[in-house]
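Protein chains in written order, with this note's numbering: chain A, 1 to 366; chain E, 1 to 456; chain W, 1 to 383; chain C, 1 to 248; chain F, 1 to 281.
Hints listed in this document are in silico derivations from the structure and should not be mistaken for laboratory results. Cβ coordinates follow ideal geometry from the N, Cα and C atoms, glycine included. Treat the hints loosely; a few may be bogus.
As the list claims (entries may be wrong) - Just a few of them, taken from the derived set where beta-carbon distance is under 8 Å, the chain F residues facing chain C:
| hint | residue |
| --- | --- |
| 1 | Pro128 |
| 2 | Ala158 |
| 3 | Gln175 |
| 4 | Gly177 |
| 5 | Ser180 |
| 6 | Glu204 |
| 7 | His237 |
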Amino acid sequence: MELYARGRHLLRDQPGLVVVAVATLLLVGDLLGKLLGDGLTAARFGGFVWDGLVIGLLIGLAGIGLSLTYSILGFANFAHGDYISWGAFSGWAVAYLLAGIDRYAAGGLLLIGAGDGPAPGDVGVSITNTPLSIVAGLVVAVGFTVGISLLIDRAVYRPIRDADGITLLIASIGVAFALRYLIVFFFYSGRQGVTDISRVPSYDIGGVVINAHELTIVVIALVLMVGVHLLLQRSKLGKAMRAMADNRDLAQVTGIPVEGVIRTTWILGGGLAGAAGYLVVLTQGTIAYDLGWLLLLLIFAAVIMGGIGSVYGAIVGGLVIGLASRLSLIWLTGDLSSFAEPVAFGLMIFVLLFRPEGIFGGVSTA
Amino acid sequence: MSSDQFQTGRLTQFRELLERSDAALVLTAMAAFYLLFLGIGAILNYDVAGLISILGQVTFFTAVYALIVLALNLHWGYAGLFNIGIAGFMAVGVYTMAMLTAPPTGSPPGLGLPVAVGIVGGMLAAALVGLVTALPALRLRADYLAIVTVAISEIIRLTYNSPAFSTFTLPGGIALGTGGASGIGTVPSNPVQAIYYVDPSSAASGTTPIGAAIFGFFEAVFGVVRSAVIVDLTYGLVLAVVVFLVYTLLARVGNSPFGRVLKAIREDEVVAKSLGKDTNRFKIKTFMLGCALMGLAGVLWQGFGTGAVYPQAFRPELTFYIFIAVIIGGAGSNTGSVLGGAVFANLLFLLPQYLPNIIEQTFSIQADPNNFIAAVGPIAAGEIAPLLGYILNQRLPALRFVFVGVLLVYLMQNRPEGLLGHRTETAAAVNLSEGHTAAEQTGSDLTAPEGGVDDE
Amino acid sequence: AGNGGGDGGGRTLSQGVLMPLSGGLGNLGQPIRDGATLPFTLLEGNTEFTIDSQVEDTQTDPNAGQTAASALVDAGYPAVTGAAGSEVTIQVAENVFIPNSVVGCSPASTSPAITDLDDNNLIWRTPPTDALQGEVLAQVASENIGASTAATLYVNNSYGQLLSESFASAYGGTVQNQVSFPKGASSYSSQLSQALSDDPGVVIVIGYPESGVQLFRDFYSEYAGETPFLVTDGLRDSALPSDVGNAMSNVQGTAPLAAGPGNEFFTTEYQDAYDSEPGVFTSQAFDATAVCLLANAAAGENSGPAIAEQMQAVANPGGEEVTPSTLADGLAMAAEGTEIQYKGASSAVDFDDNGDLKAATYELFGFQEGGGVETIEEIAFSA
Amino acid sequence: MSETTATTEVATYDDSLLCVRSLDAGYGDLQILETVDLDVADGEYVTIVGPNGAGKSTTMKSVFGLTTYMGGQIEFNDEPIHGLRPEEIIHHGIGYVPQSDNVFPSLSVTENLEMGAYVLDSVPDDAMQAVYDRFPILEERQGQKAGTMSGGQQQMLAMGRALMLDPDLLLLDEPSAGLAPDLVDDMFDRIDRINDDGTAILMVEQNAKEALKRCDRSYVLVQGKNRYEEDGDALLNDPAVRKQFLGG
Amino acid sequence: MSSESAVDGVGEDSAAINAAGDSGEEPPLRVENLRKEFGGITAVDGASFEVADGSLTGLIGPNGAGKSTTFNCITGVQEPTGGAVYFNGSDIAGRAPNAIVNRGLVRTFQIARELAEMTVLENLMLAPQRQQGEALYRSVLPPFRDGVIEEETELREAVWESLEFFEIDHLAEEQAGNLSGGQRKLLELARALMTDPDMLLLDEPFAGVNPTLEAKLLDRINQLRAEEGLTFLLVEHDMDIIMEHCDPVIVMHQGHVLAEGRPGEIRNNERVVDAYFGEQR
Ligand SMILES: Nc1ncnc2c1ncn2[C@@H]1O[C@H](COP(=O)(O)OP(=O)(O)OP(=O)(O)O)[C@@H](O)[C@H]1O
Ligand SMILES: Nc1ncnc2c1ncn2[C@@H]1O[C@H](COP(=O)(O)OP(=O)(O)OP(=O)(O)O)[C@@H](O)[C@H]1O
Ligand SMILES: [Mg+2]
Ligand SMILES: [Mg+2]
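So here's chain A without its partners, still in its complex pose (with noise of 0.2 Å):
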């Protein structure tokens, strides 16, 4: 009775709780009949648990840079995609060179094998293989991508600082245009292997195949995240990021040195921007122009359903996108498997429409 009072209470105050608790027991129950059946086989379920966390850390690493200069910059960074490009790119012309430079001429090897460069099988790039090279080729990508940060923000968003956020975002739509544009003026506007598969070792765990890039991406992430947690948590710089994004004026007349911040907030969203591109390549081992535009409303949908401003609603927001993209491919057979990232969408699109300010939203943690 007690029971029964309080259901109905529930189903009139928070209707759409209770359809999301409903369709998650569905599907929950769909799934596990699919395991216990022969639907679906625990290593095909692993195996995407597995893509899902990889992507997912992808775009949580990638979300942080964009959730944080969203909330103290006040304006979303449409270019943020471009910048993980041009981490893409600016990361794997430098691990190309370090290790082809031995056997082939530096123009094709910068150039990541435009034109008539050295085929990826030949270059032979893999963690395991060139080890030195891979990790040369992040630190690059990380510094290359602080420096364009910080550049546009020099020639771009400076001079409008005061412009209200809507002016901003629609500069980083220009910005966004002229820099993956770039690339192709500077590489190609196709898609090109890069990573020697041949070469990278797999393990078989319970049948679920990681590869050594994979494990490589998450150890990676993870230190990198952790990383960005001790900065904030400890430094009384995430202090100051959290004023800035409480109030920009206040800050500024408090004594923060308000440039002083947004530069450091550009050195770690690019950075981190950088880091992001360049990793997506080791996993997908082929890198194209627009990796990072393509993989942007995916990292906005994370940071928006995560909450903007707060780093760990960026990591869960991702996690949670890489998995509902993945694990929806269970139920989105034939055809329909088109409708992954739609559902992506749709679930972001769900969260705010019960939750407006995201599932952190409001909670500032950076």
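Position chains E, W, C and F with the ligands against the provided structure of chain A, taking the given hints into account.
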């Protein structure tokens, strides 16, 4: 009065005219664009038919951009609804039109209904999808709404793109389809063809009496045998009329108590509510009206204008182009929207397509290195031709986008309010300063009783 | 416009080229453009005729393609080599070429939908229709590979959809799954796992190198790599194995064979001019331009309908043989009214009344260790 | 009672801490202040009163480098400070408490105070303790999010933050606005004490009666110009001033 | 002032005020056991009070007592956690703000919320209720638009009058965002009055308004009460105003009503002095 003085006098007069009359402003701008492109045609040695064709294209693209920029201005300029799902709403409009009107025997099959039903159906469908989008819109902050709309637009595009609905059967056994990634190629032909051809779907079917007369005239006077260019130009002019009608409609919406509430919602929705306005209803109505117009723009542009519907035409980039156009013109101003559409269509969309030809016409650069290093390498040896060849022959399309991006940044830094956004256009059906004694003498004689329609 | 022809006293032959030089097919389109403009280079200084040409970029986009095509038509080009992607070709044909009576000859669009265009004989193409390739694929799958079950993985566009269908209807065995994939995605794992889920005897992959690289990378990193694969012309890219990073020994493919009498000459000239191997559809592009030029010379005027009327006459059997190496002479003969037949770089170029090739030779190819494509078998086919 | 129209009549103070001369300032192209003169001596307590829109807040902001500088000079401790950025001005020893939105709502009380000392390498413990001693309620509420505190508490927090660097001059823009009467009194008492401890005060107040009662000297600002300058009580008793600005 | 106010007959103690409800005449505003919680914070904790017809009732209390939150709950800007709000006899708790305004209950905001990028004129033109032209079709279709234009012409007159009264007519064409703090408060008040309400809730309307103008505005409020029977509920920290003009006065403390009564009683109520006035005077 010396002729010099006379000239400057004329010039000031003209400038004043432009400031006062929006019609003069738009017409002058269009005249300039027509001249520019006629000049380009002349450089490229076009014959009369070619010149008519280029004028037709200028008219067509100006009109379709103006149309959709106007619709966006209603959302963004007036109500502050940050809709970046424009491409999706256009897609809904044109797809619905195509699916309603495509022949049932075609591949994919359609319903074979009359074109008029298709147009209205397309607008209604876009409005309905707008309604569904507006429901979350009511709860969300501007930038969240933006992400939701772009997500919905992507969902729409991916749905049309998906093979799942390539063809499907409705419950009643009627077959219908989106054509998946190959789209719908059997869109009904452009309605203006009915003026000229006996069977509007085929130029070979013979000309109507009007068609015969007009084609005959052009052939006799200008020696134009390509009748298609005349049909295209006609369509452009029809679209210009549509733009005028939509402009009038939106000017009235803006210059009215309705528009005033929209403006208030843009500024502070809680205040609008606390002044007794049912903001949700205003937002929904506005969103639906704007989406219907976007659907219409989709039908007129991607449907009749190009004769086929493909999902890839509705990528988010299209939305950004429209946004760029609205910014160029100045958000909030309808005249600015038309101008912004014109500037974008002509200077950023069409002109770059002709630019390579003009450059090639002037200098011929044979060098054609296929990568950047090969292009810059020779510079050390003092050779600049490879780089130029690389730029012109290999990377000009990419540089066009770089240019668009840089221009956008420049605009945001130097003229964020756009060409006409600085004009404060008071949202009221009458001139508010009038009626007050102190302000009476200023400009009251200039104001037409209809308020904004012509001087917006 | 490269005004070739030097001091020749003949009239001007105008020929446009419309190709995707940027966008999704940009990488594919650039070499095809090179093939299409090679005749201009070869003829320069060797003929009485002045040749006027112009290249336009479709950006792999139907809308931009339409504007680009209009630019060619407005500039007075009566015939155009192009376009490449089937969507763009159809769109441009219906909205620009046909209404303005301009000849379009595509060197790369293989969609069966092009056959049925209501085109006043204005639209032609030098590669065979995929209706044929579907049959070739089916034959190879059952006979050469001996598979009784198959799955298809096709790129989600007109090319992929129709070719997958035409394979499925021609195939004698069971088609277990037809899985579509989007162009340019960053992972194809899920599509692969679906296609492979019922352990098919062969997997047909219809797509372009851009997606192929990713797809085969995903395949080799996640599966043992033993299932036989069959790819189509779109994936006949000698760089594929090295881009993928695998020898791809389980993969074979079918493609229209570039086996015209003039192929050898074409290959050398192409290498000379561009310093790289001719790619897929480059020889078809050469032939498309060559036939249009010949028809133009025969027509005696830069007029679309007149050229259209001569297309079959200059290409189909009967008369003096003209090959890529004798193109200059061919133009002179055509202009004089001599009956000629063009036998090209890709094929003998014999048009039926729909503007399609009457007969085609396909090759079954495989990838070589260390890059390169080798022909395993030639399969002749006639419609 | 002296009506000052030009700089000449303004008494010059040799020991002037803040010295504003012929200041023109505004927002963008819009000029608000016209030849404003202002002096605050070391340890002095000065108020600015005037009708709404007179430019009082603008004057404060101008001293702190937050408006568009258009001419004239501002000297602090005999060094020109016009054209400097706020964080530099803070280094010179000026604290500023804006009229509204003057705390960081999502930061805790302690964090808000820490921000006040951001320009230093580390937060001086004694400074923090001094603020707590002055405003014990803040010590009680150390961990509370500033945004959830009441209006009066926020006002104290804002003042505490400005005091973290122990400035020589404190700019206060309507510190009593919106406070309950007990807090108004309390606030003025606290300001008195801050002043007694040696910090010079420049304050804008609409609660002119109270402000004039307590200050050493006052300026009346009208339409961006100095109108009167006098010690507080004198202004309070001036019938013209009463009528025009103090509501009779 | 208070001598001529409509609540003259109210008895000496607060119970008598409540009696007004018993005497058969429903007061325009009755708040019953109103509650509002934010997460852990209870901002309004069971507040109950009434506002008599035509009165200028004062609502005072320490900072954070819940006055603004009470306003927000009454006017629908926030949804109350519990309790009821009766306006002219019907329960309006939880209704949309616009619905409440339509019934004639209007409020101003403590921190003025001007529509920054609209002119002062537009701000005021927005306020009148039930404008014909707010229907889309009427604004657009020719046969109806004439009526809209006529109505706009009439509203314009009223708006200019109001501007002149509030002494901001020189700012008519100015963007509201460029006004000074005090000017914004004036605009806020003028705009609320333009809605032609039956009852107004004013949240510290005079904070930051200079005293001369303040006196004039109070005169106007009293005039509106006398001539048009408007009812006012006023939050104010300036005790001079409360004592001189308000009757009765309701004192809130920690979310509930601590006391209510005539200003004189309140002044001397020990608990109120403790909680609110402190050692002042
Ligand atoms: N950001 C701004 N942009 C443009 N004009 C402004 C801005 N801020 C204030 N003003 C204008 O400057 C003038 C002075 O404003 P200021 O805020 O200094 O007045 P104030 O004396 O503090 O008045 P109040 O007592 O009402 O706060 C006003 O006319 C106001 O409209
Ligand atoms: N949105 C909110 N979230 C959390 N707490 C809130 C919120 N709004 C108000 N409060 C809290 O509720 C309490 C009452 O606030 P309210 O604004 O109603 O006070 P008030 O009586 O109007 O005070 P003042 O005179 O300072 O304006 C305060 O403790 C305040 O911190
Ligand atoms: Mg002020
Ligand atoms: Mg309050």
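Results of checking the hints against the structure:
Taking 8 Å as the C-beta contact cut-off toward chain C, the hint placing F/Pro128 at the interface is violated, the least distance being around 26 Å. The criterion of a C-beta within 8 Å of any C-beta in chain C is not met by F/Ala158, whose closest approach is roughly 24 Å, and the hint is violated. Restraint check, F/Gln175 versus chain C: the minimum CB separation of about 11 Å is more than 8 Å; hint violated. A hinted interface residue such as F/Gly177 counts as satisfied when its beta carbon comes closer than 8 Å to some beta carbon of chain C; here the least separation is about 11 Å, so the hint is violated.
A distance limit of 8 Å between C-beta atoms decides the matter here; for F/Ser180 the minimum to chain C is near 4 Å, and the interface restraint holds. A cut of 8 Å between beta carbons decides the hint on F/Glu204: the least distance to chain C is about 6 Å, and the hint holds. The beta carbon of F/His237 comes within 5 Å of a beta carbon in chain C, closer than 8 Å, and the hint placing it at the interface holds.
Hint compliance for this structure: hints 1, 2, 3, 4 are broken, all remaining hints hold.
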